[in-house]
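Chemist: One-letter residues, chain by chain:
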Amino acid sequence: MVIPHAAPRTTTSPVDEELTQLVSAAREGDRLAFEQLVRATAAETYSLAHRLVGNEEDARDVAQEAYLRAFRGIQRFRGDAQFSTWLHRITANCAATHLGRRLRHRHDELPDDDAVTDDHPRHSPELMAESNALRDRLTAELAELPPRLRAVVVLRDVYDLPHEAIAAELGISVAAAKVRLHRARKRLRERLFPLPGEDGADARAL
Amino acid sequence: MPVRCDDLARVLSASTDGEALDERANLHVESCLRCQAELAQYRKLIKVLHTLRTEVLSPGPSLAADILAGLEQAGERSAVRSLLSGRRPAVLGGAAMASAAAVGAGAILVLRSRERHGSR
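Protein sequence lines correspond, in order, to chains A and B. Each residue of the first sequence is one higher than the last, beginning at 48 in the numbering used here. Each residue of the second sequence is one higher than the last, beginning at 1371 in the numbering used here.
Everything labelled a hint here was simulated from the structure, so no lab data went into it. It is possible that part of the hints are untrue.
[Stated by the list, open to error] Pairwise CB distance ranges (calculated):
hint	chain 1	residue 1	chain 2	residue 2	range
1	A	S71	B	A1439	40 to 48 Å
2	B	E1389	A	G147	24 to 32 Å
3	A	S71	B	P1372	54 to 62 Å
4	B	T1386	A	E177	16 to 24 Å
5	A	S71	B	E1400	48 to 56 Å
6	B	T1421	A	G218	24 to 32 Å
7	A	E75	B	C1375	56 to 64 Å
8	B	Q1443	A	E211	28 to 36 Å
9	B	A1390	A	E211	13 to 21 Å
[Said to hold, decoys possible] To be clear about the criterion: a stretch of chain A counts as covered by chain B if any three or more of its residues have a C-beta under 8 Å from a C-beta of chain B, and this derived list gives those stretches:
hint	segment
10	74-88
11	91-102
12	111-121
13	178-188
14	228-235
C-beta atoms are modelled at their ideal positions from N, C-alpha and C, and glycine is treated no differently.
Kindly produce the complete structure, drawing on both the sequences and the hints.
Modeler: Here is the structure:
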């Protein structure tokens, strides 16, 4: 499918338009369109899965399961939601199930050691270096969070899912989701930007 | 009773989601440098968290191919189950249907063989 690279007229980017067309075709039973959807979104789905489960092997399993469920449920996907949001919700749900299963068997979590690429460089080299360093620290601190706290802050603050969707996919109440979100944010803020008297304030500059 | 900084920890973080601070909280924050700093740090944290969205982890070249192979296998399993239970396979067209047809041919042979057994 060829999408002209014209200047965007609205908030919908050419990438979104292409996805929308692929989704329509996939809903009508076009398997090749679904294949293209997988290829177009696999890296992002994997990234979300990795941020939720914390290691490569489990992230691949979660991504696989998410696409299986998306494939089976594509007819039920309503065009009024964004496909990426729908897929994120499925991925979150699969990750929650996977973590629940995993935690019954083992407690170790590998650190985030995947290569990271940023395809949106838009600042001066100095600012970029500074913000990259901050993002690296944030990524490391996210990996340190307990999975149940990490899931909520990743889904809310990185992927913009509403509280209700997060609660539904993780199988918890909206109130519980908000409590976890606050705990996660508080812990991250204290680690990254400690105020005087908080842990780490002596070791790290404000 | 005066508002203490600790009482506001949660509302400061929630206010970055658009939840408005009530009047007492607002009055406190206006006169409390520590809470102002905390609020600013929450906003900064959430801004940085948001930028992670554009960072795509590298899944390795074979991820999409592995996922598609997994779908294919699942489609075949589903087709076999559906044929054996007499329901229409819940798979989309293309190769998955082709595999279903191939499996179907096998299933028909099995059914015919059963018919022959049954007629004896």
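Chemist: Could you run down the list of hints and mark each one as holding or not?
Modeler: Taking the hints in turn, this is what the structure says about them:
{"no.": "1", "hint": "A:S71 with B:A1439: 40 to 48 Å", "verdict": "violated (25 Å)"}
{"no.": "2", "hint": "B:E1389 with A:G147: 24 to 32 Å", "verdict": "holds (30 Å)"}
{"no.": "3", "hint": "A:S71 with B:P1372: 54 to 62 Å", "verdict": "holds (59 Å)"}
{"no.": "4", "hint": "B:T1386 with A:E177: 16 to 24 Å", "verdict": "holds (22 Å)"}
{"no.": "5", "hint": "A:S71 with B:E1400: 48 to 56 Å", "verdict": "holds (51 Å)"}
{"no.": "6", "hint": "B:T1421 with A:G218: 24 to 32 Å", "verdict": "holds (29 Å)"}
{"no.": "7", "hint": "A:E75 with B:C1375: 56 to 64 Å", "verdict": "holds (57 Å)"}
{"no.": "8", "hint": "B:Q1443 with A:E211: 28 to 36 Å", "verdict": "holds (35 Å)"}
{"no.": "9", "hint": "B:A1390 with A:E211: 13 to 21 Å", "verdict": "holds (19 Å)"}
{"no.": "10", "hint": "74-88", "verdict": "holds (count 8)"}
{"no.": "11", "hint": "91-102", "verdict": "holds (count 5)"}
{"no.": "12", "hint": "111-121", "verdict": "holds (count 6)"}
{"no.": "13", "hint": "178-188", "verdict": "holds (count 5)"}
{"no.": "14", "hint": "228-235", "verdict": "holds (count 5)"}
The structure fails to meet hint 1 from the earlier list, while all remaining hints are met.
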